[in-house]
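Asks: Sequence:
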Amino acid sequence: MGKLYRRIKEQLAQTYDEGESQTMAMMLLEGVANLSRTDVLMDRDDLLNPDEIAIFDSFLMRLDRNEPIQYVLGKAEFCGMTLSVDKNVLIPRPETEELVRVACLHEGKESGKILDIGTGSGCIALALKRKYPKAEVEGWDISEDALRVARKNADEIGENVSFSCVDILKCEDENGNSVRTSGNEFDLIVSNPPYICNDEIEEMEKNVVDFEPHGALFVPNEKPLLFYEAISRFARKALKTGGMLCFEINRKYGNETAELMKKEGFHDVSIETDQFGNERIVKGWK
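If you're matching positions, the sequence shown starts at 0 in numbering that gives the first Met the number 0 and goes up one per residue.
Hint data in this document are derived by calculation from the structure and do not stem from the laboratory.
Note that the Cβ used here is the ideal one computed from N, Cα and C, for glycine as well.
There's no promise every hint is true.
What the hints assert, rightly or not - Label pairs and their calculated CB-CB ranges: (1) Met-60 with Gly-214: 20 to 30 Å; (2) Met-41 with Lys-261: 51 to 61 Å; (3) Leu-40 with Thr-240: 36 to 46 Å.
Model the full assembly from the supplied sequences, consistent with the hints where possible.
Replies: Okay, structure coming up:
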C-alpha cells in the first residue's frame with residue numbers, strides 16, 4: 000500500500016475503528032483521485048500532485064469532525080445509482096432500498112403513475128423510474144433546496160422524473176377536500192417521511208444528528224404518526240382502486256401505522272422487515 004493510503008488510514012483511525020478507517024480511506028482515494036484498490040496496492044497513490052494531496056487533507060479535517068463521508072465526497076450509492084448528496088438531503092440508506100424492492104405496481108402492470116412523497120435526493124423516485132421505465136413518476140418535497148439536488152440527480156443519471164414543491168400537511172382545505180388531486184390519479188404512492196421522535200435523538204449517532212437535515216428526520220413526540228396520517232388520508236383519495244401505498248416506518252410504530260392504514264380503508268396491509276430484522280415497511284392496497 001502507498002504512503003498516502005497509510006497516512007489517510009492512520010489519521011482516520013484516530014476517530015473511527017479499523018474497518019471503517021480502511022473502507023473510508025479507499026472511498027476517498029477512489030472518489031477524489033479515481034484510484035482503484037489495485038492502484039493503491041501498486042503505490043500509485045504516491046504519484047498524486049500537491050493540489051490533490053491538499054484536497055485529501057481538507058476532506059480529512061471534515062471527517063475528523065464526524066461529517067458523513069457521503070457529504071464530504073458529495074455522493075452516495077443507492078440501488079445501483081451514484082447520486083449527488085449534500086446537507087439539504089438525507090443520505091440514502093440500505094433500508095430504503097428495501098422500500099423500493101417492496102413497492103410495486105399492480106401485478107402485470109408496467110406503466111402507470113407513481114408518487115414519492117418527501118423525495119429528498121430523489122433516490123426513491125429515480126429508483127422506481129428505473130424499475131418501471133414506462134411509468135410517469137413524480138417526487139414531492141417541502142424543501143426547494145432538496146428538490147434542487149433531486150433535479151440534479153435526475154439530470155445526471157438521465158431519468159425523466161418530475162419534482163415539485165408540495166407540503167403534504169397542507170393538501171386539504173378546511174373541509175377536508177384534497178387541493179392536490181381530483182382523485183383516482185396514482186397507481187403507487189411511496190414515502191419515507193420524517194418518523195423519528197425528538198426524544199430518540201440521544202439514541203442516534205452523532206454524525207446523523209449533527210449533519211443531516213432535521214426537517215427530514217424528526218417529528219414531535221406527541222405526533223409520531225403525523226405524516227403517516229396525512230399521507231394515508233391523501234392516498235385514500237389520490238390512489239386508483241387497486242393502487243398501493245407503501246411506507247418506510249419507525250420500527251417502534253409498525254402496528255400503529257398498519258392499523259392507521261386499515262382505518263383509512265386499505266386492505267391486505269402487511270409489515271415487512273429490513274435486512275436487520277427490524278419492522279421497516281408497511282404496505283397496503285386501495
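Asks: Look at each hint and say if it fits the structure.
Replies: Hints, verified against the model:
Taking 20 to 30 Å as the suggested C-beta distance range, the pair Met-60 and Gly-214 conforms, at roughly 27 Å. Distance hint check for Met-41 and Lys-261: the Cβ-Cβ separation is about 60 Å, which falls inside the suggested range of 51 to 61 Å. Hint check: Leu-40 to Thr-240, Cβ distance near 58 Å, so the stated range 36 to 46 Å is violated.
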